[in-house]
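Generate the whole structure from the sequences, applying the supplied hints.
Spelled out, the chains give:
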Amino acid sequence: MSMRKTLAAAVLLVLAPGMTFAEPPGLGRPIGEADVKGWDITILPDGTNLPPGSGTPAQGAPIYAQKCAVCHGENATGGRNAGLVGNPPLAAGGIEANKTIANFWANATTLFDFIRRAMPWTQPRTLTDNEVYALTAYILALNKLIGENDVMDAQTLPKVKMPNRDNFIVRFPDRI
Amino acid sequence: MSTRKLPLGAVSLVLAFGAGAALADGPNLGKPISPAELAPWDITIMPDGTGLPAGSGTPAQGAPVYAQKCAACHGENGRGGGIAAGVIGGPPRATLDGGKTIPNFWPYATTVFDFIRRAMPYQQPGSLTNQEVYALTAYILAGNKLIAENDVMDAQTLPKVKMPNRDNFIIRFPERI
Amino acid sequence: MASKQSSRRSQEPEVVAGNGLPDRRALLGRGIMFAGTMGTGLGGSLTGAAAEPLVDGPWSNEVGAVIQPYQTASRFEKNVVRTVDNPDNVPRNSRARTPHQLLNGIITPNGLHFTICHGGVPDIDPDQHRLVIHGLVKRPLVFTLDALARYPMVSRIGFVECGGNSAPLFSNIALQENVQALHGLASCAEWSGVLLSTLLEEAGIDPKAKWMICEGADSPRLHRSVPLAKGLDDAMVALYQNGERIQPGQGYPMRLWLPGYEGNMNVKYLRRVMLTEEPAMSVYESRTYSQILPNGKAYRFYFLQEVKSFISRPSHGLALREPGIYEISGVAYSGTGRITKVMVSADGGQSWAQAALQDPVLPKAFTRFRMPWRWDGGPAILQSRAWDEGGNFQPTRADFVAMRGQTTRPPPVTGFPSQHFNAITSWAVDAKGEVKHVYA
Amino acid sequence: MDPAGLKRRTKLPQGQALTLRPPPKKRTFGAQIIQTTASYRLYFYFREKIMSTSKRRKGGAAAPPFEPVAGNGLLDRRALLGRGIVFAGATATSFSSSLAGAAAEPLKDDPWSEAAGTVTPVLQTPSRFEKHVVRTLSNPNGEPRTQHARTPHHLLNGTITPNSLHFTINHSGIPDIDPAQHRLVIHGMVRQPKVFTLDTLARYPMVTRQHFVECGGNSAPMFSKEPIQANLQALHGLVSSAEWTGVLLSTLIEETGIDPKATWLLAEGGDSLALTRSVPLKKGLDDAMVALYQNGERLMPGNGYPMRLLLPGYEGNMNVKFLRRIKLVDQPAMTYYEARNYSPLLPGGKAYKFYFVNEVKSFITHPSFGLTLKEPGYYEISGIAYSGSGRIAKVMVSADGGKSWAQAALQGPVHPKAFTRFRMPWRWDGQPVVLQSRAWDEAGNFQPLRTDFVAVRGETKTVPNVAGFPNQHYNSLTSWAIDSKGEIKHVYA
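Chains as they are written, first to last, in the numbering used here: chain A, 1 to 176; chain B, 177 to 353; chain C, 354 to 793; chain D, 794 to 1286.
Only true hints are included.
No more than 27 Å apart at the CA atoms, straight line, and that leaves these computed lysine-lysine pairs for DSSO-like: (1) LYS1167/D / LYS924/D; (2) LYS650/C / LYS321/B; (3) LYS1196/D / LYS1018/D; (4) LYS1146/D / LYS144/A; (5) LYS1143/D / LYS161/A.
Facing chain A, a subset of chain D residues (Cβ under 8 Å, in silico): (6) SER965; (7) PRO986; (8) LEU1066; (9) LYS1146; (10) PHE1147; (11) PHE1149.
Please keep in mind that the hints were generated in silico from the structure rather than gathered at the bench.
Even for Gly, the Cβ is constructed at its ideal location relative to N, Cα and C.
Printed below as a string of structure tokens:
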């Protein structure tokens, strides 16, 4: 049973996208930035958030052999998973060229960030910061991007100049 | 990558629903079928008796068929009490508290025949012969005092059975009929 | 049942709403970028304690599970199921109701679409299934599924609702049941298929034809009489439901879909359409879907599912843990067409505020309405009331019962005292945040 | 010229047709061609409701002049306009039956009509006759590498992908997250870092929108220099469309307050890889959503349960699943995924970065590879079009490899950044044809021809593995070649 009556043009109040309510629920619980540290593991290209600690290629070699070689192969040349060395010229490879750390990655900090956040694949976030610095140094050195006995730490890692850094085009500048 | 160029004045053709659509020059993939081939599915009994098959049945013939094939669910003598509602008796008037029965509510007797033949017994619908359906229909109508004990139900007599509640209905939205 | 109302003034509810419903203008603007206004007014929860330090969940430190070909819900959501009233498949009807209180948006996922079967769920081989169109036609025709796949199709989002949905509200006493038990026999999906008119016109319609007897291939061979006018309007032979082939409980391999008409007429497992001059008066239209009125008469051929709305959250069974802001949310729909307005009250109908409708608002489909509400912890009675583009609106329960009657004693919640109940539903929130079903 | 005036001889076919459900084994369908003598008037009954945005945008521009009837049997799109006459009196003879003339065999009750059916379950699943309608898996045994599940578009219809068939990519399996413990923290360049639980988010004002999510690498096999003979699921299966419901990210960020210096936000997931992407803050404040529901029910685990970021129109990887952290920053983090994977190489050695947008794209779902046409006659060409830049404005279909085009009908309502179903009536005369679709969006973008696309973006030197990703963001045309036996191949045309 529904009543039928002449309605003044009912204002169709429609939830347009982006429309929110003037009075938000305010139900988020405040938290100190310190308490977020446990999750805040993102390293920015300028080195922000790099933890204390350091590592050299030599310190990285044994850690790599013990924790990484099983998938990435001896001396990071590749195994069940991709290799981490090699610098084939991009231009020759065309669109499906092998993007390696040496010929493609724009920032060395990405290497530290990804190793710490996701590796080893089956037990992520089990490496100490020193181990991550050592592995980062080991891989950068293998790719001749740093000297054999350079020390990677919060100051030096961001300064590593990756060869392909300036070889990118922003596809939709208006969306940045 | 998609190139940008002058926005087209394209009118997109939007296919609205809510429109009947037939393609005279359409697929025409319906296969013709003759009434004879249709017969096994053409089981609808209309209120005026159209569709009633040959055959007949009396209340007396219906009693044993009921006992054997219906009582298990609908109860002894059609009184209910099993897992299904009774088919004989019940309250004089149907109310919101329940009790729509064949005598106090069903407008047409032909519906009894149609439903028994198409859907009963529940586990083997369509397994009754037309004779058995006429007999069961007669048995139920007689049980509810809608026909006499020895009336014979067939294609001629069944449509003539006058159900008490027949003229007690209102069409809710006449404009939609 | 829509009753005509002449004067408009007396009916228009007071717009500024009490009991925590913000003035509707609050709904219009986009929230202010209140970078600076962190006043205590927006304090966190009552306890106000800062959140404890974050630590990785166990799932973050191990490789996850393998992807499956046909994915299913998380194990933490295994309570989001339909309630079934015939789990042992006893020889009688079986119904499964949609858990509206646990869903959102307007689409009902296929696994949770409500189902009513009168002879169990048939296991139909699509290659054997046939659709026959005959009776008052120029040429009786048979269609296979492969043939129908080549016809022009349409897709449309729309609801299917059992004529008996909301029947528990005919009870003279408000049954303490949740929205799934009260209103679970309605769902909304995107249906794709061939318009019935396409097939009828291929068969050639005899001008004398006025009705279509539509019959299913299930064991009771359920059949209903449908006006030919509806067949030539928006009736569809539906083949797909939310993109995939129709679920067995919704009529696999094909069903009749009559947007806005009572569920039982939307014959599942459709195998036959016979054009006739007269309706067949099947048991369903002559007995079951014929509603008794207080004066002893009964409606016939009700057909239409009228404008209706209910609040799905908060609702019975979903307790409010603390005072503060909540979103009152629910669905509104009408067999007549689009919803034009939904009003919400938090004080049992003394005052009302207009809820926001989530666009796009589609005809004969669920429309999600939302209303922000600040609960002060005191007792409140939540109600929603909907209007449709035909000018119809939901009656109060008192007005509805005056016209349609109610039971004299509370029926079982799975019973159907009558059908086509579309009056207002009310939820009472007490000081402890418990929600009861009430009549208000 | 209105359709009624169109007089032409058409062949009226009869008989079996393209099957709806191609089980794995190839099924061919017989064909008879019936030559009819009567001429027909084309009349169709779709009532057209011109509500396309381009018309609204153009201030009611009149419909363009009648499109030429495209080659190879594409029926005039105006055939889909207007409601024809109910031809109650139409001549019977004109509807001759199939060559064999044999009527359908006599009907009998099938077994399912003669016995009660099975029990109604608490959670429905498809009929056993549809068990082949599943996603294909790239890593079924869960080896330690990325897993992909692709949507079977060639078996679906309409615009909604059912949840069980929504595509999924997981880089380290699907985490089994307890919603009661899951937290979303928003911090960094904010006034007051805050933590939200699911219970609190459930009380926020929510929005519901229909959007596609597409992997940036969807359609990657099309970069192959030669057309790979694989079906639509293998070529374009990493895109799906659903109704998403959740809380606008802007609502939450405004609550924590925004430091004017912030220009980016980092979104991180609770999976073992803690997958992180950098997102421009402007997108975060636009239509970004913390999505909680997918087609009405809570998110599927493979699509981010209990909550995910949804960036309508942006590449899938950025729509971070299992969302647990948003950090406002003043520079992009150049995480592994944006620095390496989703940074498409160009032929000259340069590469794009921050591609973000999934551009306008369309493909025909049926007829398509693997769905053989059994006989000549009437078919509906149907497919999906979508664009990350807004609504689809127009879809053109060609049956002669691009020599001539006709405009397809779009199934209304057309939503922005969502699947739009297009349909084109077609009469196949049994001769070899090449079907193609091409879409335009409301922003004026359109799909480039393959030659133009390859000239800018390049193609592979060798034929890659169909499951590989030679590159990303392919949105050129897809072409299906049908031979005279009705077999369908994937071609470049």
